[in-house]
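Enquirer: Single-letter residue listing:
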Amino acid sequence: MADQKISRADVAHLARLARLEVTSEEIDIFAAQLESILEHVAAIGEVATGDIPPMSHNVPMTNVMRPDAVGASLARDEVLAQAPAVEQDRFRVPRILDEE
Amino acid sequence: MNEITRMSAAELAAAIRTGQTTSVEATTAYLERIAAVDERTGAFLHVSADLALARAKDADERVRSGTAGPLTGVPVAVKDAFVTRGVPTTAGSRFLEGWLPPYESTVTARLADAGLVMLGKTNMDEFAMGSTNENSAYRPAANPWNLQRTPGGSSGGSAAAVGAYEAPLALGTDTGGSIRQPAALSGIVGMKPTYGTSSRYGVIAFSSSLDTPGPFGRTVLDTALLHEAMSGHDPRDATSIDAPVSPVVQAARRGAADGLAGLTVGVVSELLAEGLEDGVRAEFDAALDVLRSLGADVREVSCPHFRHGVSAYYLIAPSEASSNLARFDSVRYGLRVGDDGEHSLEEVMSLTREAGFGPEVKRRIILGTYALSAGYHDEFYAQALRIRTLIARDFAAAFEQVDVLVSPTAPTVAYPLGKANTDPLAIYLLDLTTLPASLAGTPAMSVPVGLADDPLEDGEQRLPVGLQIMAPELRDDRCYLVAAALEAAQDAARGGVFLEGAPAL
Numbered sequence: 001m002a003d004q005k006i007s008r009a010d011v012a013h014l015a016r017l018a019r020l021e022v023t024s025e026e027i028d029i030f031a032a033q034l035e036s037i038l039e040h041v042a043a044i045g046e047v048a049t050g051d052i053p054p055m056s057h058n059v060p061m062t063n064v065m066r067p068d069a070v071g072a073s074l075a076r077d078e079v080l081a082q083a084p085a086v087e088q089d090r091f092r093v094p095r096i097l098d099e100e
Numbered sequence: 001m002n003e004i005t006r007m008s009a010a011e012l013a014a015a016i017r018t019g020q021t022t023s024v025e026a027t028t029a030y031l032e033r034i035a036a037v038d039e040r041t042g043a044f045l046h047v048s049a050d051l052a053l054a055r056a057k058d059a060d061e062r063v064r065s066g067t068a069g070p071l072t073g074v075p076v077a078v079k080d081a082f083v084t085r086g087v088p089t090t091a092g093s094r095f096l097e098g099w100l101p102p103y104e105s106t107v108t109a110r111l112a113d114a115g116l117v118m119l120g121k122t123n124m125d126e127f128a129m130g131s132t133n134e135n136s137a138y139r140p141a142a143n144p145w146n147l148q149r150t151p152g153g154s155s156g157g158s159a160a161a162v163g164a165y166e167a168p169l170a171l172g173t174d175t176g177g178s179i180r181q182p183a184a185l186s187g188i189v190g191m192k193p194t195y196g197t198s199s200r201y202g203v204i205a206f207s208s209s210l211d212t213p214g215p216f217g218r219t220v221l222d223t224a225l226l227h228e229a230m231s232g233h234d235p236r237d238a239t240s241i242d243a244p245v246s247p248v249v250q251a252a253r254r255g256a257a258d259g260l261a262g263l264t265v266g267v268v269s270e271l272l273a274e275g276l277e278d279g280v281r282a283e284f285d286a287a288l289d290v291l292r293s294l295g296a297d298v299r300e301v302s303c304p305h306f307r308h309g310v311s312a313y314y315l316i317a318p319s320e321a322s323s324n325l326a327r328f329d330s331v332r333y334g335l336r337v338g339d340d341g342e343h344s345l346e347e348v349m350s351l352t353r354e355a356g357f358g359p360e361v362k363r364r365i366i367l368g369t370y371a372l373s374a375g376y377h378d379e380f381y382a383q384a385l386r387i388r389t390l391i392a393r394d395f396a397a398a399f400e401q402v403d404v405l406v407s408p409t410a411p412t413v414a415y416p417l418g419k420a421n422t423d424p425l426a427i428y429l430l431d432l433t434t435l436p437a438s439l440a441g442t443p444a445m446s447v448p449v450g451l452a453d454d455p456l457e458d459g460e461q462r463l464p465v466g467l468q469i470m471a472p473e474l475r476d477d478r479c480y481l482v483a484a485a486l487e488a489a490q491d492a493a494r495g496g497v498f499l500e501g502a503p504a505l
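Protein sequence lines correspond, in order, to chains P and A. Counted from 1, the first sequence has number 16 at position 16 by the numbering used here; the numbering is strictly sequential. Counted from 1, the second sequence has number 382 at position 382 by the numbering used here; the numbering is strictly sequential.
Hints were generated in silico from the structure; no laboratory data involved. We treat Cβ as the ideally placed atom computed from N, Cα and C, and that holds for glycine. Hints are supplied without guarantee of correctness; some may be wrong.
[Said to hold, decoys possible] Partner residues are not named here, just some residues of chain A that face chain P (Cβ under 10 Å, in silico):
| # | residue |
| --- | --- |
| 1 | Leu31 |
| 2 | Leu315 |
| 3 | Glu342 |
| 4 | Arg363 |
| 5 | Ala440 |
[Stated by the list, open to error] Covered by chain A, according to a simulated footprint, are these stretches of chain P (three or more residues, beta-carbon under 8 Å):
| # | segment |
| --- | --- |
| 6 | 7-16 |
| 7 | 20-27 |
| 8 | 30-36 |
| 9 | 40-48 |
| 10 | 65-73 |
| 11 | 77-91 |
[Unchecked claim] Restraint ranges, calculated between C-beta atoms of paired labels, are given here:
| # | chain 1 | residue 1 | chain 2 | residue 2 | range |
| --- | --- | --- | --- | --- | --- |
| 12 | A | Glu342 | P | Arg76 | 27 to 37 Å |
| 13 | A | Asp340 | P | Glu39 | 38 to 48 Å |
| 14 | A | Gly98 | P | Pro54 | 18 to 28 Å |
Generate coordinates for the entire structure from the input sequences, incorporating the hints supplied.
Expert: Here it is, written out as structure tokens:
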């Protein structure tokens with residue numbers, strides 16, 4: 001873990017996975033910063049051995065259910081009023097399919 | 001400054017209840033104060049004056065009809081991370097500029113039901129990521145003690161608003177220290193309640209397993225009153241704890257009256273780490289002497305895994321953030337860029353997210369995406385969750401020996417605006433003291449204890465230092481007990497409340 005190297009290609013790939021357009025300059029900055037952060041966190045590998053249970057939450061997580069009853073929901077007009085684009089009382093999304 | 005804005009929230013509530021003043025009068029006084037100083041403090045992103053005056057009228061009506069509660073009619077400033085119906089909510093981001101939420105957060109709804117009057121929405125680091133408020137997409141906020149300094153972050157606007165007498169009370173959110181650190185740097189009281197005791201419904205998510213809404217006040221009692229008003233089980237939040245609210249107001253009154261005889265206080269040796277400024281250390285040590293003089297038994301305690309809190313936090317928080325921020329996808333609300341018929345949905349999403357997010361947010365999304373990605377998940381994210389277990393065990397072991405733990409809230413006094421170190425790791429390391437309580441979900445508070453000389457020696461004003469008090473889960477009352485005792489002793493010694501030492505704005 002200590003010899004982890006973050007390449008420019010890694011950062012570009014991560015940005016793509018995260019749906020983030022990044023500039024060439026940002027790739028350089030992020031690569032160096034990630035490198036230094038990951039170098040710092042490497043030490044935890046030696047402390048947190050496999051026999052320690054991971055704790056995702058201090059609250060015991062249980063599925064919270066409510067009665068299956070019809071209730072009030074947000075008003076459609078109010079919700080659509082905040083959408084970036086609306087067509088025929090629906091959210092209009094950008095083109096989903098490529099030309100081919 | 002109008003005398004009304006000098007009153008504590010508790011005094012103001014009493015004055016409104018007994019007819020000495022009205023909520024409309026108080027709200028007007030605060031709106032005038034905001035108009036006079038906010039250009040310099042940058043505390044507010046949006047002032048909702050008309051709504052505030054309408055709610056103040058309702059509050060006065062409640063007082064007349066005899067249905068007023070402990071804070072009815074008292075104004076409050078709300079961090080822009082809380083969703084407020086019909087009132088602009090941006091989380092400090094360009095992504096949500098102009099968004100008018102169609103719903104209301106549980107906490108702000110509760111405060112409205114209790115008759116509090118929202119003055120507006122306060123400045124913050126974008127999506128609550130940052131510790132100087134300089135990551136706000138709109139403008140930095142300034143420290144009321146020295147306008148060239150940061151008030152801290154990410155709830156910097158809320159801390160500045162309370163510190164500059166623009167509001168008697170404010171709401172913040174604390175993920176890794178975002179209430180406690182700005183409270184310390186701005187010379188006010190700030191509390192991170194036990195995780196799960198204040199609802200996250202309608203709070204724009206950063207890191208869901210850590211985000212905790214909490215109160216700011218100028219005094220410990222004021223902070224306790226807001227804490228009690230905002231807390232309680234919420235069926236709309238799956239992580240909400242169904243337990244009675246800790247008796248924090250009672251504890252604040254008791255601490256101020258009775259002192260601390262019989263209480264044991266643990267000083268966490270690992271949190272007196274390198275990077276601690278001499279001035280901060282001196283004020284911390286002086287505060288320990290005050291605790292002793294109040295009857296507390298002060299001893300050193302070791303929590304060996306606390307030093308790994310920074311690493312664990314900077315894997316867990318970005319991981320959860322990368323997932324939470326996926327909802328900003330240009331489809332249902334917020335910004336959309338590049339929708340010209342030429343770009344695909346995926347391209348529009350990427351272009352929109354590029355335009356809408358600032359550099360700190362992008363960095364954390366990429367770090368989180370990395371930590372969660374196939375092949376690295378076990379190495380980073382799962383390891384960080386194990387560190388979290390070790391930190392929680394450290395707390396449990398420490399609380400078998402002592403009633404509360406203390407440390408300096410922040411290792412430094414407020415640093416100059418525009419001069420924050422550009423090395424993110426160095427900035428992250430400043431959060432060492434606040435992160436353990438965040439990771440374990442335990443309650444923690446910052447209370448002002450003194451003023452330190454400015455190590456940069458270019459400021460004329462000495463700057464505030466905060467003491468952090470940490471208590472076991474659901475024992476938030478202990479933080480208030482200790483803080484109130486300390487505050488009462490220090491106010492008596494200096495002949496007035498701490499914030500009165502701040503320069504007039």
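Enquirer: Take the hints in turn and mark each one as holding or not.
Expert: Tested hints:
Because the smallest distance between the Cβ of A/Leu31 and any Cβ of chain P comes to about 27 Å, over 10 Å, the interface hint for this residue is violated. At its closest, the beta carbon of A/Leu315 sits 6 Å from a beta carbon of chain P; the interface hint therefore holds under the 10 Å criterion. Taking 10 Å as the C-beta cut-off, the interface hint given for A/Glu342 holds, the closest approach to chain P being about 9 Å. Taking 10 Å as the C-beta cut-off, the interface hint given for A/Arg363 holds, the closest approach to chain P being about 6 Å.
Annotation: A/Ala440 was flagged as interfacial toward chain P, and the flag holds, the nearest CB pair being 6 Å apart, inside 10 Å. Residues of the segment 7-16 of chain P lying with their CB closer than 8 Å to a CB of chain A number 5, which satisfies the three-residue condition for coverage. For the segment 20-27 of chain P, the assignment as covered by chain A holds, since 4 residues bring a beta-carbon within under 8 Å of that chain's beta-carbons and 3 suffice. Coverage of a stretch by a chain is defined here by at least three residues with a beta carbon nearer than 8 Å to that chain's beta carbons; for the segment 30-36 of chain P and chain A the count is 4, and the condition holds.
Using a Cβ-Cβ cut-off of 8 Å, 7 residues of the segment 40-48 of chain P lie near chain A, which meets the minimum of three, so the contact claim holds. Only when three residues or more bring their CB closer than 8 Å to a CB of chain A does the claim for the segment 65-73 of chain P stand; here the count is 1, and the claim is violated. Remark: the segment 77-91 of chain P is confirmed as covered by chain A, as 8 of its residues place a Cβ nearer than 8 Å to a Cβ of that chain, reaching the required three. The hinted range of 27 to 37 Å is satisfied by A/Glu342 and P/Arg76, whose Cβ atoms lie roughly 30 Å apart.
Between A/Asp340 and P/Glu39 the beta carbon distance is about 42 Å. The supplied range of 38 to 48 Å therefore holds. The given range of 18 to 28 Å is broken by A/Gly98 and P/Pro54, whose C-beta atoms sit roughly 40 Å from each other.
Checked against the numbered hints above, the structure breaks hints 1, 10 and 14 and satisfies the rest.
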